[in-house]
Amino acid sequence: MIINMKNIIFMGTPQFSVPILEKLLKDISAKFHVFSKPDKARGRGQITSPSPVKECATNHNLPTYTPTSKEELAGEVTKIDPDLIIVVAYAMILPKSVTDNYFCINIHASLLPKYRGASPIHSALLNQDEETGITLIKMNEKMDEGDVLEVKNITIEDNDNLNTLENKLALISAKQIVNYLQLNQDLQNAVLAPQNKEKASYCYKITKEDLSLNLSDTIHTNLGKIKAFAPKPGAKLTKNGKIIKIIDAKIEDSKLIPLIVKPEGKSEMPYKDYLLGHPEGLTLC
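Under the working numbering, the residue at position 146 of the sequence shown is numbered 1610, and the numbers go up by one with no gaps.
Source of the hints: derived by calculation from the structure; they are not laboratory data.
Small disclaimer: the values here were computed from a predicted structure and weren't measured.
There may be inaccurate statements among the hints.
[Said to hold, decoys possible] Distance condition first, Cα-Cα at most 30 Å in a straight line; then the derived DSSO-like pairs of lysine-lysine:
| # | residue 1 | residue 2 |
| --- | --- | --- |
| 1 | K1661 | K1703 |
| 2 | K1661 | K1700 |
| 3 | K1504 | K1669 |
| 4 | K1669 | K1730 |
| 5 | K1730 | K1700 |
| 6 | K1736 | K1669 |
| 7 | K1501 | K1606 |
| 8 | K1696 | K1736 |
| 9 | K1490 | K1639 |
| 10 | K1669 | K1639 |
| 11 | K1639 | K1672 |
| 12 | K1714 | K1669 |
| 13 | K1663 | K1726 |
| 14 | K1703 | K1663 |
| 15 | K1504 | K1714 |
| 16 | K1714 | K1616 |
| 17 | K1661 | K1632 |
| 18 | K1534 | K1487 |
| 19 | K1470 | K1602 |
| 20 | K1669 | K1606 |
| 21 | K1639 | K1606 |
| 22 | K1672 | K1501 |
| 23 | K1490 | K1543 |
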C-alpha cells in the first residue's frame, strides 16, 4: 500500500484505460483526480456522452476535469499539485511545464521504442508481430520518448484480435503499474533507461480508409487487417454497392476464408449463413 502520496492525477479516455483506473482505485490509497477528453456525440444517435474513463470516475464520485487546451490542463494540474500523474491513452501530449515539474508515468501499449504513437495495438496485429507488451515510461514533453521504467512482454496468440489483445494488455497494465508503485515508492530515485532512438518506429491514428481490404494484398496482410479491426470497427469490402465487414477469417489451402461477416444493415453472422443467400461467396484477396 502506498502511504506517501496524497493526490494522484489519472489521465485517460478510452475503455482500455478503465481497468487500470479501477485497479489503482482498489489498491492504491490516495485521492484521485481524473482528467479525460470532453464529452462528445457518439453512436448512431449522436447523443452527447462522457468518455469511458470519465464515466468510471463519475461512478466512483471522483473529481473530473476535461481541459480543451494544454494551457488549461497545466493550470488545473498546478492547482491540484499532485504527487504523481499517470497517463493511459489520454490523447493529449502534456506540456513541458507539467512533465518538468511533476513525475508523470505513461503506460504505453507497445514495447517502446517500437510503435510510438496512437495505434500500437492495431499496428502489432497489422504487422503480424509474434509478441507485444506494455512499457511504463517517465514522460517528457515529446510523444512516447521518455525514459523506460518497466517493460512487460506477452505473446500474441493466433486467435487474438483487437478486442482480445486490448483486454489482455489493459489487465497487464493494471497489474504492472500497481506493482511498480508499491515496489518503487521513492520515485525521485527511480531507475531510468533511455530508449534506443535508432530503433524507434511510429504508428498513427487509424482512419476510415485504413479499414478497407485491398484485394491485391497478400492473404497474410488482409488477415492481419481483419484481426487489427475486429470486432469493431471491422475491416470491410464493398460488394454491389454494399459494405460487408469481415469480423473473422482463417487461412486454408492458401486462401483467406471468412468465418464471421456483417453485411450492411444486418447483424454479424457465420459465413456459412451468408452463403445461403449469396452462394457466389466473397473474395478477400
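Please name the hints from earlier in the document that this structure breaks, with their numbers sorted from lowest to highest.
1, 2, 6, 11, 13, 14, 15
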